[in-house]
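S.K.: The primary structure of each chain is shown beneath.
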Amino acid sequence: MGLSSSVCLDLRRIGSVGEAIRDATVTFKRNDALIEADRNRENGRWTYRELRSEAERFAALVQSHGFVPGDRCAILMQNQAKWPISALGAFWAGATLVPLDYKLTVPEQHALLAHAKPRVLVTEYSRWLDLQREGGPALERMLVLVTEAPENAQLGRALRWESTASGEFRYVARTREDIACIVYSSGTSGTPKGCMLTHDNYLEQAEVLGRLYPIEEQDRYFSVLPTNHAIDFMCGFIVPLLLGAAVVHQRTLRPQYLRASMKKYGITHIALVPTILKNLEERIREKLDELPDWQRRIVDGLTKVNEWVTAREPKHNVSRMLLKPIHDEFGGKLRFIFAGGAFIDPNTARFFYDLGFPVVIGYGLTEASTVATVNDLEPFRPDTVGKPVPGVEIEIRDANEHGVGEVWIRGRTVMKGYLDAPELTREALVDGWLRTGDLGLLDAAGHLKLVGRAKNMIVTEGGKNIYPEDIESNFENLPDCEEYCVFAADFIWPTGKLTGEQLVIVVRPESDEPSEALVLELRKRNRRLPDFKRLAGYVVQTEEFPATASLKIKRNALAERLRTMDRARAIVPLAE
Amino acid sequence: MSGSLDRLIQLAAKRYGVEAAGLRSEDDVFEKLGIDSFQAVELMSELELEFDVEIPDYELQGVRTFGQLAATIDKRR
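Each protein sequence line maps, in turn, to chains A and B.
Numbering-wise (this note's numbering), the first sequence opens with residue 7 and increments by one.
Numbering-wise (this note's numbering), the second sequence opens with residue 43 and increments by one.
Hints listed in this document are in silico derivations from the structure and should not be mistaken for laboratory results.
A couple of the hints might just be wrong.
Restricting the straight-line Cα-Cα distance to at most 30 Å, the calculated cross-link-like pairs of lysine-lysine (DSS-like) are [claimed, not checked]:
{"id": "1", "chain 1": "A", "residue 1": "K284", "chain 2": "A", "residue 2": "K310"}
{"id": "2", "chain 1": "A", "residue 1": "K321", "chain 2": "A", "residue 2": "K455"}
{"id": "3", "chain 1": "A", "residue 1": "K470", "chain 2": "B", "residue 2": "K74"}
{"id": "4", "chain 1": "A", "residue 1": "K284", "chain 2": "A", "residue 2": "K455"}
{"id": "5", "chain 1": "A", "residue 1": "K293", "chain 2": "B", "residue 2": "K56"}
{"id": "6", "chain 1": "A", "residue 1": "K393", "chain 2": "A", "residue 2": "K503"}
{"id": "7", "chain 1": "A", "residue 1": "K109", "chain 2": "B", "residue 2": "K117"}
{"id": "8", "chain 1": "B", "residue 1": "K74", "chain 2": "A", "residue 2": "K109"}
{"id": "9", "chain 1": "A", "residue 1": "K321", "chain 2": "A", "residue 2": "K270"}
{"id": "10", "chain 1": "A", "residue 1": "K109", "chain 2": "A", "residue 2": "K422"}
{"id": "11", "chain 1": "A", "residue 1": "K530", "chain 2": "A", "residue 2": "K470"}
{"id": "12", "chain 1": "A", "residue 1": "K284", "chain 2": "B", "residue 2": "K56"}
{"id": "13", "chain 1": "B", "residue 1": "K74", "chain 2": "A", "residue 2": "K530"}
{"id": "14", "chain 1": "A", "residue 1": "K530", "chain 2": "B", "residue 2": "K117"}
{"id": "15", "chain 1": "A", "residue 1": "K539", "chain 2": "A", "residue 2": "K109"}
{"id": "16", "chain 1": "A", "residue 1": "K284", "chain 2": "A", "residue 2": "K339"}
{"id": "17", "chain 1": "A", "residue 1": "K270", "chain 2": "A", "residue 2": "K339"}
{"id": "18", "chain 1": "B", "residue 1": "K74", "chain 2": "A", "residue 2": "K539"}
{"id": "19", "chain 1": "A", "residue 1": "K123", "chain 2": "A", "residue 2": "K470"}
{"id": "20", "chain 1": "A", "residue 1": "K539", "chain 2": "A", "residue 2": "K558"}
{"id": "21", "chain 1": "A", "residue 1": "K284", "chain 2": "A", "residue 2": "K269"}
{"id": "22", "chain 1": "B", "residue 1": "K56", "chain 2": "B", "residue 2": "K74"}
{"id": "23", "chain 1": "A", "residue 1": "K461", "chain 2": "A", "residue 2": "K503"}
{"id": "24", "chain 1": "B", "residue 1": "K56", "chain 2": "A", "residue 2": "K530"}
{"id": "25", "chain 1": "A", "residue 1": "K470", "chain 2": "A", "residue 2": "K109"}
{"id": "26", "chain 1": "A", "residue 1": "K330", "chain 2": "A", "residue 2": "K284"}
{"id": "27", "chain 1": "B", "residue 1": "K74", "chain 2": "A", "residue 2": "K284"}
{"id": "28", "chain 1": "A", "residue 1": "K293", "chain 2": "B", "residue 2": "K74"}
{"id": "29", "chain 1": "A", "residue 1": "K109", "chain 2": "A", "residue 2": "K530"}
{"id": "30", "chain 1": "B", "residue 1": "K117", "chain 2": "A", "residue 2": "K539"}
Sample of chain A residues with no beta-carbon within 12 Å of chain B, all distances over it, derived [claimed, not checked]:
{"id": "31", "residue": "E48"}
{"id": "32", "residue": "A159"}
{"id": "33", "residue": "L165"}
{"id": "34", "residue": "S191"}
{"id": "35", "residue": "D382"}
{"id": "36", "residue": "K393"}
Beta-carbon label-pair distances, calculated as ranges [said to hold, decoys possible]:
{"id": "37", "chain 1": "A", "residue 1": "M571", "chain 2": "B", "residue 2": "D69", "range": "31 to 39 Å"}
{"id": "38", "chain 1": "B", "residue 1": "R118", "chain 2": "A", "residue 2": "G141", "range": "20 to 28 Å"}
{"id": "39", "chain 1": "B", "residue 1": "E84", "chain 2": "A", "residue 2": "T111", "range": "20 to 28 Å"}
{"id": "40", "chain 1": "A", "residue 1": "D486", "chain 2": "B", "residue 2": "E73", "range": "23 to 31 Å"}
Note that beta-carbon positions come from the ideal geometry of N, C-alpha and C, so glycine has one too.
All chains, full assembly: derive it from the sequences and hints.
M.R.: Pasting the structure below:
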């Protein structure tokens, strides 16, 4: 199958994401739209016709409680069928959707709810209990719809998600310029960055992706990444539901059930973050290592043959035939693995490609819908993040003699701005261009290579943006410490790589050496942080930090001073 | 010490080759066993078998210590 054949998605006359999927619920009414599994059980299956009536019921329910067009509807749930049903119903009621990250802590979720001020919140029963326990003024003003509440549960002010609406459903049309979603890209303790993305942003992106990587009616997308994340929202909600394919959810992320579901449902498309991909690679390598020598050689030989036949573009049938036992592990039907959200080790991408699983590497930011560049697999290039997708321009600004500079993006997929944060918006959007804060270069073939970050930040392998400033509040009032500052180690000492990024805290102790109490306290506070926010170590500075007149630390000047130190010697590890 | 905490510590210690006597209720599971989140998921599957319970992923969110893990298991038994 060629990559640019088959379905041609034309959304030019469509005004909104809701309208586009509403059309699909008619066109594909008999197809399966959603399948939800929980371990080995199947919780439910919804055809497009059923999806339509469930989403209409949801819309009528919120409308009967006074929801009006432009109101916000937050969804704070793990991946499950009720996620897209609620999202679609909300769109049809004219909502701006606020997909929230269920992996954040409860106080962080409260902070984002207070910032987004949604009229409706959809959440799971257990999470509702947690949200109530820690209170929060924002909750008072919301209609809360709770899924999966036990029969006799006391819901407080909340209503059951499954409730019947008291009024009729009224479809509300939206226009391309209306805000479809507010998606938080980071900033849980600093100023939240709520990216305002329009229907035009999403439809433009969906049309391009639908053409580059067609998904067909009989295809099945496995929604494993959180749906609130830009990648799954696009690849695991909008695109498959526009094209009549099915989205499969598995309520647990235990690997054995994920593998079982891939087989059972014949998964064809999946999106993963590098950390999961790396883990899969290790598992496959372990399995290969267990094989007797002669079998191992056969696999190596077949991999080489596959590498040769797929050198110009992927040939799914050939790969599946050659490397059947390995493909069977993944259900035997997998055609594409989309990988993004963070930097992918080229060796991992190459490993999967040679085994016949095309890994589509992309680069994007929530601020630019989903992806700005993707690898078109013609030919496969694991060393870059691909070429700009049609409609997106990339420029390298302030390039040095090697052509490396900050990546700027322009196109119809770029957000309107950050919600209620004009200053952050002005920093990010300049003359219609989005400043990414990533450093890169464009090679002769027009592929973008990323080499580092211009900003003091890191992206974890799990795809989370971490700003050191957001972590500093966890280290207030340290004992025997004059001042401190948190940095991305690569910002101080650039490595030219985007893997293994670390955070470090720079401390100025009261005496020349940090006291035992200070180190103990650093360890203690560090342990309390979620693992992806933990510091790798501390750096001791005995001189006063450079500061502005208003006593704000000059980060760049401090980083410059630290740069003269030897990285390996400067960082004292904090792990015990 | 609750019965499940004890059993949980024994099982985890055996699985990852650490000394059970050195593990306490308030200890961080990840740190003490030196495991990553994928190994933690495997450990959960074993614990589910051992205790004959099913623990939904969302109930494990925020669980860090052996004590919290035992409490989560007990809630489902």
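S.K.: Now tell me, hint by hint, if it's right for this structure.
M.R.: Status of each hint after checking the structure:
Distance hint between K284(A) and K310(A) is fulfilled; the C-alpha atoms sit about 21 Å from each other, no more than 30 Å. The hinted pair formed by K321(A) and K455(A) meets the criterion: a straight-line CA distance of about 26 Å does not exceed 30 Å. The straight-line distance between the Cα atoms of K470(A) and K74(B) is roughly 25 Å, inside the 30 Å bound, and the hint therefore holds. A hinted pair counts as satisfied when its Cα atoms are at most 30 Å apart, and K284(A) with K455(A) qualifies at roughly 20 Å.
Under the criterion of a C-alpha separation no larger than 30 Å, the hint pairing K293(A) with K56(B) is consistent with the structure, at around 23 Å. For a cut-off of 30 Å, the pair hint linking K393(A) to K503(A) stands: about 19 Å separates their Cα positions. This hinted pair checks out: K109(A) and K117(B) have alpha carbons roughly 21 Å apart, not beyond 30 Å. Under the criterion of a C-alpha separation no larger than 30 Å, the hint pairing K74(B) with K109(A) is consistent with the structure, at around 23 Å.
Restraint check for K321(A) and K270(A): satisfied, since their Cα atoms lie roughly 23 Å apart, inside the 30 Å limit. Restraint check: the Cα-Cα separation between K109(A) and K422(A) comes to about 26 Å, which is no more than 30 Å; the hinted pair holds. Proximity of K530(A) to K470(A) is assessed by CA-CA distance (about 23 Å); at most 30 Å being required, the pair is judged to hold. The hinted pair formed by K284(A) and K56(B) meets the criterion: a straight-line CA distance of about 26 Å does not exceed 30 Å.
The suggested pairing of K74(B) with K530(A) holds, with an alpha-carbon distance near 14 Å, which does not exceed 30 Å. Only pairs whose Cα atoms come within 30 Å are accepted, and K530(A) paired with K117(B) is accepted, the gap being roughly 28 Å. With a C-alpha separation of about 13 Å, the suggested pair K539(A) and K109(A) falls inside the 30 Å cut-off, and the hint holds. Restraint check for K284(A) and K339(A): the C-alpha separation of about 20 Å stays at or below 30 Å, so the hint holds.
For a cut-off of 30 Å, the pair hint linking K270(A) to K339(A) stands: about 11 Å separates their Cα positions. For the given pair, K74(B) sits about 19 Å from K539(A) by alpha-carbon distance, which is consistent with the 30 Å threshold. This hinted pair checks out: K123(A) and K470(A) have alpha carbons roughly 23 Å apart, not beyond 30 Å. About 23 Å separates the Cα atoms of K539(A) and K558(A), which keeps this hinted pair within 30 Å; it holds.
A distance of roughly 20 Å separates the Cα atoms of K284(A) and K269(A); the hinted pair therefore holds under the 30 Å criterion. This hinted pair checks out: K56(B) and K74(B) have alpha carbons roughly 13 Å apart, not beyond 30 Å. Our distance criterion of 30 Å between C-alpha atoms is met by K461(A) and K503(A), whose separation comes to about 14 Å. At most 30 Å may separate the alpha-carbon atoms for a hinted pair to count; K56(B) and K530(A) meet this at roughly 27 Å.
A hinted pair counts as satisfied when its Cα atoms are at most 30 Å apart, and K470(A) with K109(A) qualifies at roughly 11 Å. Distance hint between K330(A) and K284(A) is fulfilled; the C-alpha atoms sit about 21 Å from each other, no more than 30 Å. For the given pair, K74(B) sits about 24 Å from K284(A) by alpha-carbon distance, which is consistent with the 30 Å threshold. Straight-line distance between C-alpha atoms of K293(A) and K74(B) comes to about 28 Å, which keeps the hinted pair within the 30 Å bound.
This hinted pair checks out: K109(A) and K530(A) have alpha carbons roughly 22 Å apart, not beyond 30 Å. With a C-alpha separation of about 29 Å, the suggested pair K117(B) and K539(A) falls inside the 30 Å cut-off, and the hint holds. With a cut of 12 Å on Cβ distances, E48(A) stays outside the contact zone with chain B, its closest approach being about 16 Å. Every C-beta of chain B lies more than 12 Å from that of A159(A), the closest at about 15 Å, which supports listing it as non-interface.
Distance check for L165(A) against chain B: the nearest CB is about 20 Å away, which clears 12 Å, and the non-interface claim stands. No Cβ of chain B approaches the Cβ of S191(A) within 12 Å, the least distance being about 21 Å, so the stated non-interface status holds. The beta carbon of D382(A) sits about 31 Å from the closest Cβ of chain B, which is more than 12 Å, so the claim that it is off the interface holds. Separation of K393(A) from chain B is adequate, the least Cβ-Cβ distance of about 33 Å exceeding the 12 Å criterion.
In this structure, M571(A) and D69(B) meet the distance hint of 31 to 39 Å, their C-beta atoms being roughly 34 Å apart. For R118(B) and G141(A), the hinted distance range of 20 to 28 Å is satisfied, since their beta carbons lie about 26 Å from each other. A hinted range of 20 to 28 Å holds for the C-beta pair E84(B) and T111(A), which are about 24 Å apart. The hinted range of 23 to 31 Å is satisfied by D486(A) and E73(B), whose Cβ atoms lie roughly 24 Å apart.
In this structure, none of the earlier numbered hints is contradicted; all agree with it.
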